[in-house]
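Number of protein chains: 2
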Amino acid sequence: MPKNVLFDRNEVLENVTDLFWRKGYNGTSMQDLVDVTGLNRSSIYNTFGDKFQLFEESLKHYQSSQNDWLRATFSKAKSPREAIVSLFRGISDDIKSGNHRGCMLASCTSELSAEQPIIKDFLVENKDRVVASFAALIEGAQQLGEIDTRKDPQTLALYLFSSLQGLRLTSMIEPDLEGVIKEVLSSL
Amino acid sequence: MPKNVLFDRNEVLENVTDLFWRKGYNGTSMQDLVDVTGLNRSSIYNTFGDKFQLFEESLKHYQSSQNDWLRATFSKAKSPREAIVSLFRGISDDIKSGNHRGCMLASCTSELSAEQPIIKDFLVENKDRVVASFAALIEGAQQLGEIDTRKDPQTLALYLFSSLQGLRLTSMIEPDLEGVIKEVLSSL
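As given, the protein sequences belong to chains A and B, one line each in that order.
First residue of the first sequence: 471, per the working numbering; consecutive thereafter.
First residue of the second sequence: 471, per the working numbering; consecutive thereafter.
Keep in mind that the hints are not guaranteed to be accurate.
Claimed, not checked - Below, a list of computed lysine-lysine pairs in the BS3-like style, where the Cα atoms sit at most 27 Å apart:
1. A:K652 <-> A:K621
2. A:K493 <-> A:K566
3. B:K652 <-> A:K493
4. A:K597 <-> B:K521
Treat the hints as calculated values from the structure; they're not laboratory data.
Predicted, not measured: the structure shown is a model, and the values here were computed from it.
With the hints as constraints, model all of the structure from the sequences given.
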């Protein structure tokens, strides 16, 4: 069995995602990837392709773990409005516990969306998916009388998405965002 | 007179800022800087220092032009609340006119604030300054009865800052943010 398959693919991807999240795509060198994975360059190329392909896979890995977290948060909520509130409370707890790393997808938007059409497509699709989830929850909440029916679900959903991006980015330079999160939620 | 001073320093800085804004710090190579300035490497080093020093100067140049725009926008407004509204309308017009480049300081936050303490300090100071300007306008508006006095000026100001970051970032992947901007302003 060749040496280069004797590692846990998922664990490697976890470490690589963490590195790209912290340093960005352009700030990460091949040597950084070698150091963080403990693999040599040819093992990385053979397993994941080039740096760009590895970055794409990391983005999908990050998105998938975010989706898992969202699903778990939503499934515990007692109502659609409560689902949205608990998502923002989760972000608030995360920031309070000292996570000031922002969001990998938000960071990737500013770094690469203008320069890399394939990454922009991925980010637009991700945004559309998140906004559609929010809109479905808002419609459900409106049917239950939890959210004012005069609010347009699509607009409010995009507002929540944009607010989340702002919160995650601002958390990198401001640790206390509890009041801001309350203000965002007052739109519901 | 040596050849390397025969150029317009401000024009060079304008082009360099534009490049760093578009490609980020790590995505910009020395060769990119040579290409965009029309200067050779030694002229760049002699005039601006190394790439990092040039980036710092570009950030200050960007911040200063943003401040000029803010001052001009605020000075035309008839009241403190109107000043905040016109700032967001200006952003809205900018996005509608096809500017989807986001904000250089927001992009820099996600790219460098975790890795470069000196840049983080600059961004924290900038955030504090913007939040203080918003808070002063909110207090003025509250004295005139334009904004609910039960709202805490500091929290509302930080909410506006965070919302701005979110809007500028989201504009890179979503061109229609008018409804979102209305929702943000409904907090005033």
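Status of the hints after comparison with the structure:
no.	hint	verdict
1	A:K652 <-> A:K621	holds, 18 Å
2	A:K493 <-> A:K566	holds, 22 Å
3	B:K652 <-> A:K493	violated, 35 Å
4	A:K597 <-> B:K521	violated, 34 Å
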